[in-house]
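Asks: Each chain, letter by letter, is given below.
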Amino acid sequence: MAPELGNFAVILTLCIALVQSTLPLIGAARGNAAWMAVARPAAQGQLLFIAFAFGCLTYAFVTNDFSVTYVAQHSNSRLPLEYRVAGVWGGHEGSLLLWTLMLGVWMFAVSVFSRTLPEEMVARVLGIMGLISVGFLVFMLFASNPFDRLLPGAADGRDLNPLLQDPGMVFHPPMLYMGYVGFSVAFAFAMAALLDGRLDAAWARWSRPWTTVAWMFLTLGIALGSYWAYYELGWGGWWFWDPVENASFMPWLIGTALIHSLAVTEKRGAFRIWTVFLAITAFSLSLLGTFLVRSGVLTSVHAFATDPKRGIFILIFLAVVVGTSLTLFAWRASKVGLGGRFALVSRESLLLTNNALLLVAAGAVLLGTLYPLILDALGMGKISVGPPYFDTVFVPLLAPALFLMGVGPLARWKQASVPELAVRLRWALAVSFVVAVIVPFAMGNWSTMVSFGILLATWIAATCVVSLRARLALLPNERLGARLVKLPSSYYGMLFAHLGVAVFVVGVTLVSGYQVENDVRMEVGDSSHLSGYGFKLTDIKEVPGPNYTATRGTIEVTQDGKPVTTLHPEKRVYTVQNMPMTEAAIDYGMTRHLYVALGESVGPKAWIVRLYYKPYISWIWLGCLLMGFGGLLAAIDRRYRVRTRADSAPAASTVGLKPSPAR
Amino acid sequence: MKPRHKRFVLVGAGVAGLALSAGLVLSAFQKNLVFFYTPTQVAANEAPVGKSFRIGGLVEKGSVKREADGVSVKFVVTDTAKSIPVVYRGILPDLFKEGKGVVTQGKIGPDGTFSADEVLAKHDENYMPPAAQDALNQATAKKAAESMAVAEKGK
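Chains as they are written, first to last, in numbering that gives the first Met the number 0: chain A, 0 to 662; chain B, 0 to 154.
Be aware that one or more of the hints could be misleading.
Claimed, not checked - Pairs of lysine-lysine, DSS-like flavour, derived with a Cα cap of 27 Å:
id: 1; chain 1: A; residue 1: Lys381; chain 2: B; residue 2: Lys30
id: 2; chain 1: B; residue 1: Lys73; chain 2: A; residue 2: Lys604
id: 3; chain 1: A; residue 1: Lys604; chain 2: B; residue 2: Lys96
id: 4; chain 1: B; residue 1: Lys106; chain 2: B; residue 2: Lys64
id: 5; chain 1: B; residue 1: Lys99; chain 2: A; residue 2: Lys604
id: 6; chain 1: B; residue 1: Lys81; chain 2: A; residue 2: Lys381
id: 7; chain 1: B; residue 1: Lys64; chain 2: A; residue 2: Lys540
id: 8; chain 1: B; residue 1: Lys60; chain 2: A; residue 2: Lys604
id: 9; chain 1: B; residue 1: Lys64; chain 2: A; residue 2: Lys604
id: 10; chain 1: B; residue 1: Lys106; chain 2: A; residue 2: Lys381
Just so you know, the hints here were simulated from the structure itself, not pulled from any lab data. Since we're looking at a predicted model, the values are computed, not measured.
Next up, chain B with everything else stripped away, as it sits in the complex:
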């Protein structure tokens, strides 16, 4: 092989290798993206069926119930407008509490129950996961808009 040909092989192999790894990275990235939805969006059937996603909001007061086996747990996540029932098997994080913010990841079932495989409630007593805060803000804004509309009608 002449040096020029050799260089071609080298550059070609390099480009092919990079393209291959870039393809690998990007396809893995696309497959494993997890999107976030608010309970209102889930209730409006905007969330994908059969694919994992995250929901966030407050844990509804009085909704946390342990099953008889002691390991499964049911609770309700709400953004104050809509509520989604959640089932989870395992230990809840230390900072999981009724009335506090939570983010959970899992899939929605045909009966509208969210089966979570991950529950996140982090860091300190007053901290609200940003995603949960976002869901609450959206719901509050929507409610405000609706009540304004109702008031307009009443006039």
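In isolation and in its complexed conformation, chain A is listed as follows:
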């Protein structure tokens, strides 16, 4: 019964979405207030029904209803409860349902937190989001319905892919999707502005917090995915340049460019066309990411069944979204206007340079990700593009971007003077050079790349301090605490996010410069040494799990003869799919991780064991957390919530002056 109710709820959601995507848009074009007023309740209704449908599928998973094809494919009666719930988004169909649920959440949020916006804007934004919703719901109902029945029902399910049976599965996809789908709000705002012809500072102020929140979710989602891959795959790497990772990284790069471009549009009225272009690109890449990952185009952990019908629908949908938005862009962009002028050296030009660098970086990732796929699809041979390509490209592209990140916040808008900047930044530069020389020596091994990375990281951190001091000096002479409180939270958001980048760079630099990886053959009783730590394999035994059996090793770690910790790496075999899995054991620390994984059995009591020493690797994810926190601080800034006189006046006039035939 529940699956049928769920299916029915999806159909109802589609009906509401059809109304939401037509009436408000027409109403906004004709000035019909009643039609525009449909948008808010429709958005809220969509969330209600899609959440109900989502609940139905979850119920089918929790109650082990294997007469539903999707459940039978992705669950099993012996699967622990939390993974049965997470199994809802363990495959293509359920992921789509999660996507539409997230879209519902964002539409609901727009309908609630849009009191300061003109009615026409709300109607257009929600109308466009409704159109996106229609696309996804049609796709779900006709090509990937999670509620399809299996006749006769299966006795038991095929189980969730063991790689996905991890707490990471519970948090990573919803976070990532919140980010992906969040860019639909920025996209809808950009489209609404093009339709309206109104693309000014006020518009930028409305769309900024939405974009920043979406970016925050995407940042955290990617970081979670990276961390999950690190401890789950058993290779000790944190980023593999896998097409699936690239698919989430591209919208992040463009989203980062977008939040900075929006800042310029809000403060200076410039970059308007550029901002709209970035909003379109960010959302298009989010769509591409969702589809690449879930459609089976990419064969990897994330991909499932392949179905040509789906592939064609996806291509058409992408073409429609990108095509229509770019056509609208080409048609209306000339009406948008250029905004304030700025000099060759100014905060605008610095931000523009960084935007260009981010865009080129995203382009390079796109090339490396799609080119092999296209070549293969055309039957022109199989190729692959590995991490060396991305490494070669990213260092020279992002190093100047990181340098400019330090200069940008201190440069004046409109026109900055190079000598003045040099004077203000001379101490930061000196400190950075000193630290860059000291750190590699302190780590005991000179490396130019490490020194360079530390130079950039210290530079970013030092310029943050310079910027904070400069901001505080502008405030009237009060106590330090009082002055600190007076600075806007969006400013702190910028500081935290930039510091996050610095911390991230430190982590990446030190781990790639000083990590030690060793694969050794060990029998029970054997010892091995790595970076001053002793590892002794004391025991290997079989341990049963709920839906797997595990071989668990016991490794005692010592430093200078003193015990540090005991690690228990496992090799599991998941019984339903007869699939082996490696569970690494990690001793966490701020300055280093000790990473131990059982490789493979090479004798009755002998195993090849991976012993890794990963210095400062935590800083990679700590940096991402700081970036996310910065995004949160920036989004909750007071000025986004106060309704200023300048905004409310035109809003009131549009609502008040136009006739409303319904009443």
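Based on the hints, put chain B in the right spot on chain A.
Replies: The following block gives chain B in isolation, referenced to the frame of chain A:
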């Protein structure tokens, strides 16, 4: 500087910067492309010498042997027509098994042995890496064509 000149400088610098980064990206791309060859192609000396490439096929049954050091391993990759011996140092992936599909990346040595620095065998018990499947299909098609030719001769 007049505003017009300034604009020239700005546009010029922008174009130069873009050209530079595009050049960088494309040259890095070209240098790091890894091509895929089937064992038959490798046996026919079609694969490049001294450059990294990928081969794919099945791990021949009974061919996997650990060296005395316990970390180096030898196995044979076959597309059922031709076989290539492979040496690898390190831990094989969880799903690496005799008789199952595998894709491996490395360089071919003068003695015809492939030294792998990466071995991929992914995802689930019945999954065949597309590249490995492709190699098998090609070999099967070729064999079929050859046996037809033999049959024709026999007539």
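Asks: Each of the hints needs a verdict: does it hold here or not?
Replies: Hints, verified against the model:
| no. | hint | verdict |
| --- | --- | --- |
| 1 | Lys381(A) <-> Lys30(B) | holds (16 Å) |
| 2 | Lys73(B) <-> Lys604(A) | holds (21 Å) |
| 3 | Lys604(A) <-> Lys96(B) | holds (20 Å) |
| 4 | Lys106(B) <-> Lys64(B) | holds (20 Å) |
| 5 | Lys99(B) <-> Lys604(A) | holds (25 Å) |
| 6 | Lys81(B) <-> Lys381(A) | holds (19 Å) |
| 7 | Lys64(B) <-> Lys540(A) | holds (25 Å) |
| 8 | Lys60(B) <-> Lys604(A) | holds (24 Å) |
| 9 | Lys64(B) <-> Lys604(A) | holds (17 Å) |
| 10 | Lys106(B) <-> Lys381(A) | holds (17 Å) |
The structure fails none of the hints (numbered hints given earlier).
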